[in-house]
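K.L.:
The residues making up each chain are set out below.
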Amino acid sequence: MSQKVKDASIPTIPFKARFSRWFGRNLLRIYMVFGFTYLFIPVAYTFAFSFNDSGKSNLIWKGFTLRNWQNPCGAPEVCSALSNSIKIGLIATTFATILGTMIAFAIGRYAFKGRSASNLLIFLPMATPEIVLGASLLSLFLVFKINPGFWPTVIAHVMFCISFVVVTVKARIASLDPRLEQAAMDLYANELETFKRVTLPLVAPGIAGAALLAFSLSFDDFIITNFNSGTVTTFPKFIYVAAARGIPAQANVIGSSMFFLALILVIAGQLVNRKKTR
Amino acid sequence: MSLPKVRVPYLLLFPGFAFLFTFFILPIINLAQTSTQTPVKNGDTGQYEQTFAFSNYVNAFVDNKEQFARSFVFATISTLLALAIAYPLAYAIAFKSGKFKNILLVLVVAPFFTSFLLRTIAWKQILGEEGFVVPGLRSLHIISQQTTLTSTSFAVVAGMTYNFLPFMTLPLYASLERIDPRTIEAAGDLYANGITAFRRVTMPLSLPGVVAGTLLTFIPAAGDYVNAAILGSPTSKMVGNVIESRYFKIVDYPTAAALSFTLMAAILVLVTLYIRKAGTEELV
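These protein sequence lines map, in sequence, to chains A and B.
Per this note's numbering, the first sequence runs over residues 1 to 278.
Per this note's numbering, the second sequence runs over residues 1 to 284.
Chain B with its partners taken away, still in its complex shape:
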């Protein structure tokens, strides 16, 4: 080899990292700069200058604290719901599906390929006034005549839970599948009943999957605005909706940037705390 060996990893890293630096790190730095700008006096809409107005952050947060809270509450609920739905599913695929394992795994990912927007809109129509669910529940008197399922916070959370379910199921499956079934048998041999064996052996061993799955669900859910836009109402808007409308409808870049930055920082802090607490060394 003509290359000194120490350089090889750096040469391999260089093109990709140069790309990530230019199109990920630089934009984030630029976003931080934009977030403290104020409008140019007598300038056109969309013209801003740097004035280090850190008050932008305070204003952005105070004006939108409801949406912020909603983002984190909705994301937390749908992450927990997805965990509750996906864990038994992943468990069943890993341990109880025999030769159908691979096919079932493909089926978990398969809905992915119908555009997620089409599926979200399908839910909207299924749960909407013309769908079959609402009239059915009404005629059975399970819900009142006035109750609707779409345009509610409930629908937004349900939509997010549905859309991010595969992100939860796959890592859970991966960690459950890796468990040596003999360790569970051993627990049974040592007179643990099914529940104890699960609680003391299976669950701790699947924890890396739980951590990965909850992260992969929570992060996109906290920043999501599509579910809220399609399934929600003006009173169930999330911080993503605010950022989107600040950018495109109001052309208020500094507020949008301050909100984005706060959202990212909040998520990073939560994620770091969570990873610390869960004690997983491996980040990815």
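Next up, chain A with everything else stripped away, as it sits in the complex:
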């Protein structure tokens, strides 16, 4: 039936429709160029001004120099802020990934009482504005006379990263073919072995993606960090404070490096994946 309809329609596409389809396709291409230009304008600006021979305030173009790239720690505090961000990011990512993956397996793999309530508890932190998360956690720390600082920031980051890990890993678990695990069981693997040798390797890319997401969320977080970090300076906090008196070009160097590093990592990961699937 559908075959018949299709055959009948092929030669009757009028020229006007073909033209509009062609135009539509290219219109979208042109649109894509504009869209990506828009996305990358500030990145390009940041990169360009990392070569500015600017002195203290990096506002006006004063000439090309490689000095900022040769000495990225040249500005006071910029590298200690960066190292704080990396430390907090790594610790928070580790904990959030472990806790979140466990929850994802529970929700994704089991039918149990309270499953929809669990889904709600995972959704709520994502539906709460960051400023409320940050402010409420700070109030709690103040009640218990805990001073804001490094570890309160780590705790805050774990808290808001868990939900994102759960959602990412859960999606991966949901896309697994249950027959693969059944096959392992048919081949006399017990549950633990099946999990270790079939389920976990299959979910691993999802976990890796979740960890990358958690790290980038933690690394770039400003609002929650600003509430809970006290005197500890992270990279975004450094930029925010420095913005008032002019950001040193070294911050642009670090921002640009992070961009290229992430780009290389993601593209390398995709190449590895492509090789595996071949």
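These are computed hints drawn from the structure, not numbers from a lab.
Please note: incorrect hints may appear among the correct ones.
Restricting the straight-line Cα-Cα distance to at most 27 Å, the calculated cross-link-like pairs of lysine-lysine (DSSO-like) are [claimed, not checked]: (1) A/275 with B/101; (2) A/237 with A/145; (3) A/275 with B/96; (4) A/145 with B/41; (5) A/275 with B/99; (6) A/145 with A/87; (7) A/237 with B/249; (8) A/16 with B/96; (9) A/145 with B/249.
Place chain B on chain A using the hints.
P.N.:
The following block gives chain B in isolation, referenced to the frame of chain A:
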């Protein structure tokens, strides 16, 4: 297995949920308590006692209703703008990019990795007096000599639209990519033209992505204060700016807590209504 099977999910949930309970639920409860406190008489600044002063909510809202309204108006406009910009982009990546699909997808997320503060400040400088846009537009007489682009509500909305764009693009892409192209072909076979096919097939099928994307954009946008602080002026302050300054500059915790709680409640109500209306069963 030595464990009874029914316990397994609960054991898996326990550590994470214990953590979320302590550092998410408890703080929210504590925030609710703080919101009805009043200053201790003859106490130091920052000392408060529980008096169940629900009038805090009324005062906080009445004093800051402009900022509240601004938060929701700005967030709504930038969500709609982001949807309008991101939909064709996600559509193009999903259907028209061929073998470049993965690379283009990476490029959508890539600006994320340059700190969002750096990018926001970059916009401030590009659109500012020393940037190339304002003098250019002025010399072309598109804007008057006095018009500035930064320190305006326009700049705040533009900044939010830009910053939350990937949150909109990714879920849109995910739902568009899942559409079987044969369903769109089928619409064409049934004599639907491009627009009808899009309106009756593609768009309804991408609705889950629209819902997810608008939520992921609207929620952080409504609570944002960084864009308003960097790109705005004192007359474009949002409720987030008020909460921030109540906490850090004035040490008025009850008002900050009442504002936070009202903001969260308003967002939750809107989100629930929206999800109901959109008819999406799956929350996340």
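K.L.:
For the pair supplied as a hint, residue 145 of chain A and residue 41 of chain B, is the alpha-carbon distance within the 27 Å limit?
P.N.:
holds (22 Å)
K.L.:
Hinted pair, alpha-carbon criterion (27 Å max): residue 16 of chain A, residue 96 of chain B. Please report holds or violated.
P.N.:
holds (20 Å)
K.L.:
Verify the proposed pairing of residue 237 of chain A with residue 249 of chain B, using a straight-line Cα cut of 27 Å.
P.N.:
OK: residue 237 of chain A and residue 249 of chain B at ~17 Å, within 27 Å.
K.L.:
Against the 27 Å threshold, does the CA-CA distance of residue 145 of chain A and residue 249 of chain B hold or violate the hint?
P.N.:
holds (20 Å)
K.L.:
Are the Cα positions of residue 237 of chain A and residue 145 of chain A separated by 27 Å at most?
P.N.:
holds (23 Å)
K.L.:
Within a Cα-Cα threshold of 27 Å, do residue 275 of chain A and residue 99 of chain B meet the stated pairing?
P.N.:
With a Cα-Cα distance of about 15 Å, the restraint between residue 275 of chain A and residue 99 of chain B holds, given a limit of 27 Å.
K.L.:
Does residue 145 of chain A pair with residue 87 of chain A here, judged by a C-alpha cut-off of 27 Å?
P.N.:
holds (24 Å)
K.L.:
Regarding the pair residue 275 of chain A and residue 96 of chain B, is the alpha-carbon distance no greater than 27 Å?
P.N.:
holds (24 Å)
K.L.:
Quickly compare the C-alpha distance for residue 275 of chain A and residue 101 of chain B to 27 Å and report which way the hint goes.
P.N.:
Holds: residue 275 of chain A and residue 101 of chain B sit about 17 Å apart, inside 27 Å.
This entry satisfies every hint, going by the numbered hints stated previously.
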